[in-house]
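When you get a sec, could you build the whole thing from the sequences and use the hints?
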Amino acid sequence: MPAQTGFLRSLPYFSTLNEADMGRIERAVIERPFDRGEVMFLEGDPCKGMYVVKSGMVRVFKSSPEGREQVIMVAKPGDTFNDIPVFDDGPNAASAAALEQSTVLIIPKEAVLSLISGCPQAGAIIGLFAKRLRRMTTLIGDLSFRSVLSRLAKVLLEVGVSESGQSAPQRLTQEEMAAMVGTVRDVIGRGLRLLEKEGAIKLQRQRIVVVDRKKLDALV
Amino acid sequence: MELAVPEVNSAKCEGCGDCIELCPAHAVGMVAGKANIVRPDDCDYCADCETFCPRSAIRCPFEIVISVGEPA
Numbered sequence: 001m002p003a004q005t006g007f008l009r010s011l012p013y014f015s016t017l018n019e020a021d022m023g024r025i026e027r028a029v030i031e032r033p034f035d036r037g038e039v040m041f042l043e044g045d046p047c048k049g050m051y052v053v054k055s056g057m058v059r060v061f062k063s064s065p066e067g068r069e070q071v072i073m074v075a076k077p078g079d080t081f082n083d084i085p086v087f088d089d090g091p092n093a094a095s096a097a098a099l100e101q102s103t104v105l106i107i108p109k110e111a112v113l114s115l116i117s118g119c120p121q122a123g124a125i126i127g128l129f130a131k132r133l134r135r136m137t138t139l140i141g142d143l144s145f146r147s148v149l150s151r152l153a154k155v156l157l158e159v160g161v162s163e164s165g166q167s168a169p170q171r172l173t174q175e176e177m178a179a180m181v182g183t184v185r186d187v188i189g190r191g192l193r194l195l196e197k198e199g200a201i202k203l204q205r206q207r208i209v210v211v212d213r214k215k216l217d218a219l220v
Numbered sequence: 001m002e003l004a005v006p007e008v009n010s011a012k013c014e015g016c017g018d019c020i021e022l023c024p025a026h027a028v029g030m031v032a033g034k035a036n037i038v039r040p041d042d043c044d045y046c047a048d049c050e051t052f053c054p055r056s057a058i059r060c061p062f063e064i065v066i067s068v069g070e071p072a
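Heads up: the sequence lines are chains A and B, in that order. So the first sequence is numbered by this note's numbering: it starts at 1 and just counts up by one. So the second sequence is numbered by this note's numbering: it starts at 1 and just counts up by one.
Just so you know, the hints here were simulated from the structure itself, not pulled from any lab data. The structure displayed is predicted, hence computed values, not measured ones. Virtual Cβ for every residue (Gly too), placed ideally from N, Cα, C. Honestly, I wouldn't trust all of these hints.
Said to hold, decoys possible - Here chain B is said to cover these stretches of chain A; the calculated rule only asks that three of the stretch's residues, wherever they fall, bring their Cβ under 8 Å from a Cβ of chain B:
hint, region
1, 150-163
2, 167-176
3, 184-192
4, 196-210
Said to hold, decoys possible - So these bits of chain B aren't anywhere near chain A, every CB distance computed over 12 Å:
hint, residue
5, C16
6, E21
7, L22
8, R39
In C-alpha cells form, the structure reads like this:
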C-alpha cells in the first residue's frame, strides 16, 4: 500500500526506517474503518498488533467487572495505541472504541517486532518498559475501580510470602502500605482490623498473617 | 524471643516528646534527649507513635506472611 508511506513515515516509530523495512511494514498494514461507538478490541484478548489512528478519534479505556470505564487515552490522527502487548507479549492491556467515525491502521505484531529482531538487547529493554507501562495501566484501573479494602487485599497477597518458604518476608509500615494502596495510614489501620474481623488475616505483634487466602482473593 | 518494639531512628529524632505524650500505653520515654521504648512490655505495637512523630523517626513495620495452615 504505497499510499500509506507518507503517513507511516510521519510516525515516530517508522520515520527512520530504510526502504526494505518500510516496504515490509507497508505490505503488512491493514486499514480498517470503524463507526462511532464500535469496539476495536477488548482488554484481555490476544494482541493482534499495534493500532494507529489515520482519521477520527479513539478512546482507550479500562473496564471494571461491573462495566464502569476509565479512559486512559484519547487517540487522535498519528497516535499509536495497543503498543504495550506488542512488546511485552501479553494480552491487550485495555479496550478501544471509536469516539467518532474513524479509520485505523493495524500493524501486525510480527511486523513491528521484525524491526527489532536484529537487536535482541533492544527488544529486551523495550519489553521491560512495556511491562512497566502495563503495571501503570493496571494501577490506573485499580485506583479507579477498586475500593481501598480491595486494594489492600491485593497488596497483602502480592507482597506476602509463604510461612514455610525460603524468602524473607517483606516488612512494611502502615504508612508504606498506605502509599502503595493510595490512601492514608489511619484507613489502612481500619482496613486491617476489618480484614481481621472477617477472618482473612490475623494481626500479631509486628506480623500480619494471611490465614484465609480465599477471603482475600474474593475481595480482589 | 525479644519482644518486637517500634524502631526509633535517633538521627532523625529531635526529642520533641510528642510520642511520649501520646503513647496510650506510656511505653515511650526519653533517654539522652531521644525517644526510646523504655517500657517494651507495655507496648501494644499500636503504631500511634509512628503516626504522631513529626520527623518520621519511628517505624512500626509488619512482616506479611501467608499461612500454610487451614483457615481458622
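Would the least Cβ to Cβ distance between C16(B) and chain A come out above 12 Å?
Per Cβ check, C16(B) is outside 12 Å of chain A; nearest 18 Å; holds.
Would you check chain B against the region 184-192 of chain A, counting CB to CB pairs closer than 8 Å, and say if three or more residues qualify?
This one holds; 3 residues, not fewer than the three required, reach chain B with a Cβ under 8 Å.
Against chain B, does the region 150-163 of chain A show at least 3 residues with beta-carbon separation below 8 Å?
holds (count 7)
Find the nearest Cβ of chain A to the Cβ of L22(B) and say whether that gap is larger than 12 Å.
Check passes; 14 Å lies beyond 12 Å.
Holds or violated: the region 167-176 of chain A covered by chain B, criterion of 3 or more residues with Cβ-Cβ distance under 8 Å?
holds (count 8)
Classify the label on E21(B) as holds or violated, using whether its beta-carbon is more than 12 Å from each beta-carbon of chain A.
holds (19 Å)
R39(B) non-interfacial with respect to chain A [C-beta, more than 12 Å]
At about 15 Å from chain A, R39(B) clears the 12 Å cut-off, so the statement holds.
Three residues minimum, CB to CB under 8 Å: does the region 196-210 of chain A make the cut for coverage by chain B? Let me know.
holds (count 8)
Consistency note: the structure conflicts with none of the earlier hints.
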